[in-house]
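Letter by letter, the chains look like this.
4 protein chains.
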Amino acid sequence: MIIVLKPDATEQDIQLVVERLEAHGYGADVSRGEERTLIGAIGARPEEKRRVADQLMRLPPVDEVVPILKDYKWVSAEYTTERSQIRVGEAVFGGEKIVVIAGPCTVESREQTLEAARVAKQGGATVLRGGAFKPRTRPYDFQGLGEEGLEILAEASEATGLPVVTEVMDARQVPLVHEKADMFQIGTRSMQNFDLLREVGQSDKPVLLKRGMSATIEEWLNAAEYVASSGNHNVVLCERGIRTFETKTRATLDLSSIPVLKDETHLPVIVDPSHAAGFFKWVPPLSLAAIGAGADGLIIEIHPHPDRALCDGPQALTPRRFLRLMQELAPLAQAIGRKL
Amino acid sequence: MIIVLKPDATEQDIQLVVERLEAHGYGADVSRGEERTLIGAIGARPEEKRRVADQLMRLPPVDEVVPILKDYKWVSAEYTTERSQIRVGEAVFGGEKIVVIAGPCTVESREQTLEAARVAKQGGATVLRGGAFKPRTRPYDFQGLGEEGLEILAEASEATGLPVVTEVMDARQVPLVHEKADMFQIGTRSMQNFDLLREVGQSDKPVLLKRGMSATIEEWLNAAEYVASSGNHNVVLCERGIRTFETKTRATLDLSSIPVLKDETHLPVIVDPSHAAGFFKWVPPLSLAAIGAGADGLIIEIHPHPDRALCDGPQALTPRRFLRLMQELAPLAQAIGRKL
Amino acid sequence: MIIVLKPDATEQDIQLVVERLEAHGYGADVSRGEERTLIGAIGARPEEKRRVADQLMRLPPVDEVVPILKDYKWVSAEYTTERSQIRVGEAVFGGEKIVVIAGPCTVESREQTLEAARVAKQGGATVLRGGAFKPRTRPYDFQGLGEEGLEILAEASEATGLPVVTEVMDARQVPLVHEKADMFQIGTRSMQNFDLLREVGQSDKPVLLKRGMSATIEEWLNAAEYVASSGNHNVVLCERGIRTFETKTRATLDLSSIPVLKDETHLPVIVDPSHAAGFFKWVPPLSLAAIGAGADGLIIEIHPHPDRALCDGPQALTPRRFLRLMQELAPLAQAIGRKL
Amino acid sequence: MIIVLKPDATEQDIQLVVERLEAHGYGADVSRGEERTLIGAIGARPEEKRRVADQLMRLPPVDEVVPILKDYKWVSAEYTTERSQIRVGEAVFGGEKIVVIAGPCTVESREQTLEAARVAKQGGATVLRGGAFKPRTRPYDFQGLGEEGLEILAEASEATGLPVVTEVMDARQVPLVHEKADMFQIGTRSMQNFDLLREVGQSDKPVLLKRGMSATIEEWLNAAEYVASSGNHNVVLCERGIRTFETKTRATLDLSSIPVLKDETHLPVIVDPSHAAGFFKWVPPLSLAAIGAGADGLIIEIHPHPDRALCDGPQALTPRRFLRLMQELAPLAQAIGRKL
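Residue numbers (my numbering), protein chains in the order written: chain A, 1 to 340; chain B, 1001 to 1340; chain C, 2001 to 2340; chain D, 3001 to 3340.
None of these hints come from the bench; they were simulated from the model. Predicted model, so just to flag it, every value in this text is computed and none were measured. Heads up, some of the hints might be wrong.
Pairs of lysine to aspartate or glutamate residues, derived as EDC-like cross-links and limited to a Cα-Cα distance of at most 16 Å, are as follows [to be verified]: (1) D:K3070 to C:D2141; (2) D:K3248 to B:E1064; (3) C:K2070 to D:D3141; (4) D:K3248 to B:D1263; (5) B:K1070 to C:E2035; (6) C:K2281 to A:D63; (7) D:K3248 to C:E2064; (8) A:K70 to B:E1218; (9) A:K248 to C:E2218; (10) A:K6 to D:E3264; (11) D:K3006 to A:D13; (12) D:K3248 to B:D1141; (13) B:K1006 to C:E2078; (14) C:K2248 to D:E3064; (15) A:K70 to D:E3034; (16) A:K73 to D:E3035; (17) B:K1281 to A:E78; (18) C:K2070 to B:D1141.
Can you build the whole structure from these sequences, using the hints too?
Put into structure tokens, the structure is as follows:
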């Protein structure tokens, strides 16, 4: 980090800051400019950097403390030159082949879920999604089938051969979800539920980490670092839209995050166009756009009868529309040198 | 809710929607305008409204479904004409007297916490704050003392007579925090941790519910409804700033939420100027502003030595500055007909 | 629009609102629900709707006024079933062929502009961009060459045969830009400069209307309606990113706006990935994404020597990178049934 | 500024950057840290800084360029130790006395304006506001009376002795507004209309510069710098709310900007609670909050008959409510050591 002193800082002030840095075990490189004096802190350890920066901010001669290095390490692109490949069943996130996860928003019944799973499989999806524990904005909305939902998902998985990803909302649900599913989903509202991140971080199953509704890319990567630094390096990031002033769509899908993340991290990144759009008609073009932006996969909501869905019906694709989308995606993937 | 049909909707289309509504147990009031036909759904039950609205959205002749009534009921201003008063020790949130909660961001040590508690008491605060479980953006930052921190808080409470509010981050921590503290704090990152909300909702101790970083006022009230509908009506709301594009301050303190909430709910509302500002110099003017806006209280971070703080040092008031602020607040409170 | 009355509204209150509506020339359709009475206003004219809605809001029994119909008409998808095609030189915005506009951010010199124009042409761009009047955040930044810049653009146009689009910032510049260029660009900061919109609306040259940095899609379409209702229907919309809390990219490119606009309007929509990304490396993937989302074109900044650019160097593509991008775009366009 | 090199930068790379800096006339201070090499640019001139920073960003070994100094100078708090006082008639912005500007949103008629002016005067306002040129989101909304409106304002000014502030939307309107009014208002949509800023910057009448809807504080101060660097130092800033995801209020009033600006600039700052709130009931508490935050004044919309207003009726105070607010403000101002 760099410490910027106030314009009127004296030599004594400079000395004060240098001594403070040295007391924290840092070297100090003083650069006396014409307008300001800057002090570079040499040897910053990520473990202490923020705290020391905050403390320095309170010294009277200090005007600003500018961080230079990233806070995360395991998930950083600098950690390894190889891109991570994360395997879930037959699917490999981060490989040449684009992974499509499909399934209903919520497990409502055995029939609905089995039917959706069959359609997912038929279209070429290689992972099945479905919610058993549902985070709903309103307490009076349908809250999911819980354990029964997990059983249904397991049955659908067995019937189709597709591995299952499903959301875990609370650390106490982790053992059960670990037993029944193949991949944990951390939802947008839980991206900074740090106890939960640590809990799935101690598990041996991969984690699909959705971006928090108002999380910066840096905060998102720090959330991934919680999982990774707890021992579990198998994290797949999922862009699902951020909250902005625009209300036409449910969230603003930030596809720029895809190329940014390709520079910042070796982890795979997929896109959830369904929750971002909030409306089925916009899901196909956003799916094509996501692949164009370089996403490693998609997670798409489908429902056999969207007009009878208990949750998020407006954004679910019908089986017919989903099958058509899969056909549209294939040539696009090929055009950019990937496969579906 | 009102269902807006597409411009080219036929009588048959109208019939389809009316039948659907009736199948859900609603009456339908058809209004044939010059440009559009509108259908009012009569007898909507909050429990189903959203789901039915979502399902109707998928009917081909439907252009839009406009919700009319609020989703929450216990916390709604329509539920009762009296404003709630919530007691924690001597403090009464929602009364004539403005409640000031003060204390350190984080319990770092016995000495630091006892000293901060003494200053809080001396200045006139009636509740002590302090973090034992800390939600930190980065895994390498200090994560709090946990149970030991709760013990220290309990000791500081005993020494000063001030009741304690402290954050609970995970449902598994609820019994312990219930035992050691007087009020649960739900932090900004947990506002939509619904399992946690239900857990404190089944407790008999009051809840300080901070606004989510990107929560609308409506979502915030729905989070309060989770707690209330689980049985615990003692919820105090806390505005702490929302995430916007402005980076000078840590968050954008949304003081407009105070008068809006006075219209929408009977629950008391307090303000956290420390986390919003992120910088100690701006905390006093924002505290005065909050009282001017009609807040029922403040929660303020103080630290005996901010330049040695392990967390959030830049925003902590020194004891001297805190005591001065309390003196500045008194005449302002009086000017608007309240007391400190 | 629909007027929602307060829960305690009496028959007399209903009468008051009905009379008010009738005085404004509307019919009123009263729907007495179990919890609320709704009054539908029949025969709303766009010219008065907002004003009447605002006035009704002030009547004591009124709780809310819900608008139903769009405010715009010429630009609305309901106005015509055909999609607009707008011709500038050889380029046709809104046709099967994707239009690429390329050129430097700013006209810095004759050499730089001619060289950029040659590269644009070589790569297959069919319109040349370049700024003569530059809106710069800081008064000390380079403000553009003005009229001299327009001359240089005209020369580059003649040399390459490419028509020119260039920004007009002030109504007084309209005649000059009309004389020298083929298409007006209205920049993001001018999207709600209504005098300027009316001025180009009275011209016979097409208008490239960039989205305001914090404009909703609805406000953007209303800005287009200003131009159209002044007589000029040749408006091309340009998504260029919106302002959000994310700071990695210069703006958050809202590609969801593309499919939304395809539903809302018949006007063509193109995308500016350069200003949104703010960094050259992210321009190619965002260009591919934009085409995937259904954009009718792209506007891309190129510079012969980005490390010597006077403005926005970080986001400019080098000639080599631009030529490669054009080769990458072609198969993608084909994959979705379009041409480059 | 500080140039951060990539981790693998060689001595040759360092040399390249140093030479580039020297070619631009800067000194270079190289600091070789354990993880990164930093290069401080010594002697940065504001006129070139941004451009040079942008150019350096394109050098391959450069990872990041961190600006250190502010871009503005006249308006900076470092420019002078005295706070600016700006006189308009009897009103002095930035003095001990809080300035209240009041009047209708829009000049609709002679009667309405004269009546509003009388009420403003009676309540103790010292400046009259009123719009003649109106920036309206929709082309079909009432666009103001233009020159006739200015005449009416001048008459109201003469009748009451109150000086007039009114919006100027286009540079061509400047001479007329200069002739008829006492202070220019630059509206939120025009904050970055740089030609307009330069035009009022060459005038001798004070300027009320509203914050752009999505302008950062830094961009706002740069807009003020446009006016000041054109010769007119009499700029009063006006916080009017920023655009966020919250929709209950028309904009999110950012009262934190008041204390931030007190640190950053010597210019006075006032607050517009009417446009931010969008609803009359919330205007009084936000007015009290603004004074608590340290604002130097308020600009408040009043209307003799809000339920007949042609523009922004929902947010206008009735005469009775305005007079009451003025009585509520007086003791609050006194409580913080100011006068009304």
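Tested hints:
Between D:K3070 and C:D2141, the direct Cα distance comes to roughly 13 Å. Compliance with the 16 Å bound is thereby established for this hinted pair. A C-alpha spacing of about 20 Å is found between D:K3248 and B:E1064, which places the hinted pair above 16 Å, so the restraint is violated. Distance hint between C:K2070 and D:D3141 is fulfilled; the C-alpha atoms sit about 13 Å from each other, no more than 16 Å. A distance of roughly 11 Å separates the Cα atoms of D:K3248 and B:D1263; the hinted pair therefore holds under the 16 Å criterion.
Restraint check for B:K1070 and C:E2035: satisfied, since their Cα atoms lie roughly 11 Å apart, inside the 16 Å limit. The suggested pairing of C:K2281 with A:D63 is violated, with an alpha-carbon distance near 33 Å, which exceeds 16 Å. Simply put, D:K3248 and C:E2064 have alpha-carbon atoms about 12 Å apart, close enough for the 16 Å limit, and the pair holds. With a CA separation close to 36 Å, the supplied pair A:K70 and B:E1218 exceeds the 16 Å bound.
Among the hinted pairs, A:K248 with C:E2218 is consistent with the structure: their alpha-carbon atoms are about 9 Å apart, no more than 16 Å. The suggested pairing of A:K6 with D:E3264 holds, with an alpha-carbon distance near 13 Å, which does not exceed 16 Å. Note on D:K3006 and A:D13: the hinted pairing is violated, with a Cα-Cα distance of about 31 Å set against a maximum of 16 Å. For the hint pairing D:K3248 with B:D1141, the CA-to-CA distance comes to about 36 Å; that exceeds 16 Å, so the pair is violated.
Between B:K1006 and C:E2078 the CA atoms are separated by roughly 11 Å; this keeps the pair inside 16 Å, and the hint holds. A C-alpha spacing of about 12 Å is found between C:K2248 and D:E3064, which places the hinted pair at or below 16 Å, so the restraint holds. Of the pairs offered as hints, the one joining A:K70 and D:E3034 holds, with about 14 Å between alpha carbons and a cut-off of 16 Å not exceeded. The straight-line distance between the Cα atoms of A:K73 and D:E3035 is roughly 13 Å, inside the 16 Å bound, and the hint therefore holds.
For the hint pairing B:K1281 with A:E78, the CA-to-CA distance comes to about 38 Å; that exceeds 16 Å, so the pair is violated. Proximity of C:K2070 to B:D1141 is assessed by CA-CA distance (about 50 Å); at most 16 Å being required, the pair is judged violated.
In this structure, the hints that do not hold are numbers 2, 6, 8, 11, 12, 17 and 18, in rising order.
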